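Letter by letter, the chains look like this.
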Amino acid sequence: MLTDRSTAARPPVDWGTTGSMAPSPALRTGFLRTAGAVAAKDLRVELRSREVVYTMAFFATVIVVVFSFAFVKDQRALIEAVPGVAWAAIVFAGTIGLGRAFDREREGDTMRALLLSPAPRLAVFAGKTVAITALVFAVEVVVLPLCLLFFNVDLGAAVLHLALVLVLGAIGFAVVGTVFAAMLLRIRSRDVLLPVVLYPILVPMIMAGTKATSTILTGATGDAWFWTQFLAAYDAIFIIVALWTFEALVIE
Amino acid sequence: MKKLLIPLFALVSAAGLAATLYMIFYVAPLERALFFNQKVFYWHVPNWFVLFTSVFVAGLCSAVYLKNRNAKWDDVARAAGELAVVFGAIGLVTGSIWGKAAWGHWWKWELRLTTSLILWLTMVGYVLVRRFGGAGSERLAAGLAVFGVVNVPLVYFAVKLADALQQESAHPQTTVANQLTGSMKTTFQLSILTFFAFYVLLMLVRTSAIRDERRVRDLRERGLDAGILES
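From first to last, the protein sequence lines are chains A and B. Heads up: the first sequence at position 136 corresponds to 136 in the numbering used here, and the numbers run straight through without jumps. Heads up: the second sequence at position 183 corresponds to 183 in the numbering used here, and the numbers run straight through without jumps.
Just chain B, with the same shape it has in the complex (with noise of 0.2 Å):
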């Protein structure tokens, strides 16, 4: 079963991703106010979709693994947890060179490019954790994972209610994607569903390479504990 779905949502993301790169330069029309640089939202959005889509997965699988203490949940979460670094880099860089082209800035302190580095910040916090920690560690990444989920809406009032009280708001309203037409809504929508293929196909591949990895290290501790190997 798995043998068959990881080619396959490889060759539904590779074919997604010409796909939409392709709909966005030749066929999705240049937007009206925003000229060519409203291109990059095609993938920027998606992305950050995948990103919030990661963090939640690591954070549930998280609270699952700390209530049963079964290590696959903790395989899964950690998987998350690395793709949500990944796919949150991308964005931040996606972001920020747009911020440039529209704001001629690179970065502003505004409510969502807040809130989502906060939440990156957490989840870099996670993955250290997990490599550095040594022995011990799933636990403590896994209590970081659930307090950086719930710490999420707590972040976003803070910056909310306190840019209420000074500035206004700058980044594009996300309401914007629900009024697209044409070729622009087939093109979001085709991206959205090519990223999530992606992360899909992300998730199996990592996901059973930290099973592996955890069964090697479980067995050569049994081998250790029986005397059959050496350390």
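Pulled out of the complex, with its shape left as it was, chain A reads as follows (with noise of 0.2 Å):
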């Protein structure tokens, strides 16, 4: 990140008041490397520590175990149940994560820094999401087999489409909680308030993702797919709410 901020071929700054970006082709590889960096450096810090990681992915575990005691019926645990087990056990984990990821930026007050630095805000925004969705995509990668585990269900040749599912709903998520993170920074008792502001915007989402998984679990793959482009829908619509409001919702 250094080295990139000391290159000549920096793109001329604009000092962040509006939407930033110009339309020439220096202004945008500056845009995609500034959220590269920023991407990188979130991930480096996680790689280093794993304490995000680690901690989302046991509570994760923790909740798929409790559901399951919840959901045993003859000494089986019941199939339907898998769907919203596993959606609820990710997006719990997953407010965990991102409260924690932005509390390192608080601790160490580098997330004025960072909306400081002569970047766009909005590859700062991108980059910050892109490091999220990496860390709520590991996260299900522990829950989703997991559940399949506790729940005794055989997933065959549907585990792509599930996959796709499962990143398109990391995306989503990462996009809504990065924004609502990041405003959250400043604000007292932000522990309590972010799954109050996040869970109603979440829930088309949960709705979705939870449809998906129990569609592609019942093998109606036409049901899947529906809901699998609405998560899309959900990711697209949100990711323009998002760019259109970040700036001025996290400025000074």
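Just so you know, not all the hints are guaranteed correct.
Claimed, not checked - Pair by pair, the computed Cβ-Cβ distance ranges are:
id, chain 1, residue 1, chain 2, residue 2, range
1, A, Arg106, B, Leu180, 20 to 26 Å
2, A, Thr55, B, Ala18, 58 to 64 Å
3, A, Asp109, B, Gly104, 28 to 34 Å
4, B, Ala15, A, Phe69, 46 to 52 Å
5, B, Leu180, A, Leu116, 43 to 49 Å
6, B, Ala135, A, Thr55, 28 to 34 Å
7, B, Trp106, A, Glu51, 40 to 46 Å
8, B, Leu224, A, Ala113, 24 to 30 Å
9, A, Thr55, B, Leu180, 56 to 62 Å
10, A, Ala233, B, Ala15, 44 to 50 Å
11, B, Gly134, A, Val45, 25 to 31 Å
12, A, Arg188, B, Leu180, 49 to 55 Å
Don't read these hints as lab results, they were simulated from the structure. Keep in mind that this is a model prediction, so the values were computed, not measured. For every residue, glycine included, the Cβ atom is placed at its ideal position computed from N, Cα and C.
Both chains are given apart, each in its own frame, so use the hints to dock them into the complex.
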């Protein structure tokens, strides 16, 4: 990141008052490079301590275990409960990770530094979103197999489709979550308020994710593709809204 | 101007509420299929009209506030957000009462019910943020209002499509309102007008109260900065 800043090819700077992307190619590579740098920084910090991934994954595991106790019938866990359990675990663990990932910025007061730096704010947003998507996806990769294991589900060939649903879900969660978590940085009682503001907005995503997962598990491919497309539409809509509002929302 | 407007709207809504109450029970005839429990519609439906208006106002004013940073818009958005919670609560309660009478259940996971519940939860979140967020929560709340408004159609379609896959809609169709005739129609229209007058009244009062609150806060801060006041 430091070398990146010192290169002469750095794009002309708009000091962050507007959507600062003029349609010049140099600026666009600057946008991508900055976003990549932010994402790489976040992931590198995380890889060195592995604090968020480990705690998130363990938290999600505990949720799945608790739920599988709750949904046991005749000494067998109910397959119908799998999608709900999986997505509840993902969203809960995701919220923990989201809060923690931004706490890190707050502790060092580095979010302000990031926003003050002569980089497009939207690039900072994009980088953070990518990093959080990766974190959430890592947790999903733990949660889903665990659910399938505990609930005795045989997935077979649909695993790729399920992976696509998980990626889309992680993106949707990260986009909305990053906007709200970034805004909450300066607010007290942020730990309580994050779920309060986040979950109602996530409802369509959770609904579509649950539907997609359950239709994949029951083998209704047509419906499953429909819900996958719905997830993609959700992601697209909120990416647009987030890009449109992020600067106005986080500006000091 | 405002000194005149507030008593005027207060008068109109008081008279309107009294008149609709009288018309609902003594003028409008009993409905053929639903009998007495249809009466709640005269207040339930306008109430939801007001709620959706209020949410839309909150979302729009929040978006404008995010763009131009003028706190006036934020005052209006905050008042609208609070009123949305109030009217939403009334709508959910009147709806549940009707549901118990007509369906035998207080609640069903049905298209309109689910959508409006999620919308209401969003607005409750909005008010919670405003109330407990402390300094800097205006922008978070504004963002939440904008995201919440964008979310409404998504929730609607998600529930509708999930619905289509398993069960039929149980809530009465809203198009029925256009087919009303005679005194039922008059009562319904009067009720809508009354509720909107009441809404405008509450908006005027609450917005000016919020604006005064904000001005006092700003003045206090300026006083503290200037060293005139002691904390």
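Okay, the hints, checked on the actual structure:
For the pair A:Arg106 and B:Leu180, the supplied restraint of 20 to 26 Å is violated, since their beta-carbon distance comes to about 56 Å. Here the CB-CB span from A:Thr55 to B:Ala18 is close to 60 Å, well matched to the stated 58 to 64 Å. For A:Asp109 paired with B:Gly104, a C-beta distance near 58 Å fails the hint of 28 to 34 Å. Distance hint check: the CB atoms of B:Ala15 and A:Phe69 are about 60 Å apart, inconsistent with the given range 46 to 52 Å.
For B:Leu180 paired with A:Leu116, a C-beta distance near 60 Å fails the hint of 43 to 49 Å. Taking 28 to 34 Å as the suggested C-beta distance range, the pair B:Ala135 and A:Thr55 conforms, at roughly 30 Å. Distance hint check for B:Trp106 and A:Glu51: the Cβ-Cβ separation is about 45 Å, which falls inside the suggested range of 40 to 46 Å. At roughly 28 Å, the beta-carbon separation of B:Leu224 and A:Ala113 lies within the given 24 to 30 Å, and the hint holds.
Taken as a hint, the range 56 to 62 Å holds for the pair A:Thr55 and B:Leu180, whose Cβ atoms sit roughly 58 Å apart. Between A:Ala233 and B:Ala15 the CB atoms are about 47 Å apart, so this pair conforms to the stated range of 44 to 50 Å. Take B:Gly134 and A:Val45: their Cβ atoms lie about 28 Å apart, and the range 25 to 31 Å holds. Judged by the Cβ atoms, the range 49 to 55 Å given for A:Arg188 and B:Leu180 holds: they are separated by roughly 50 Å.
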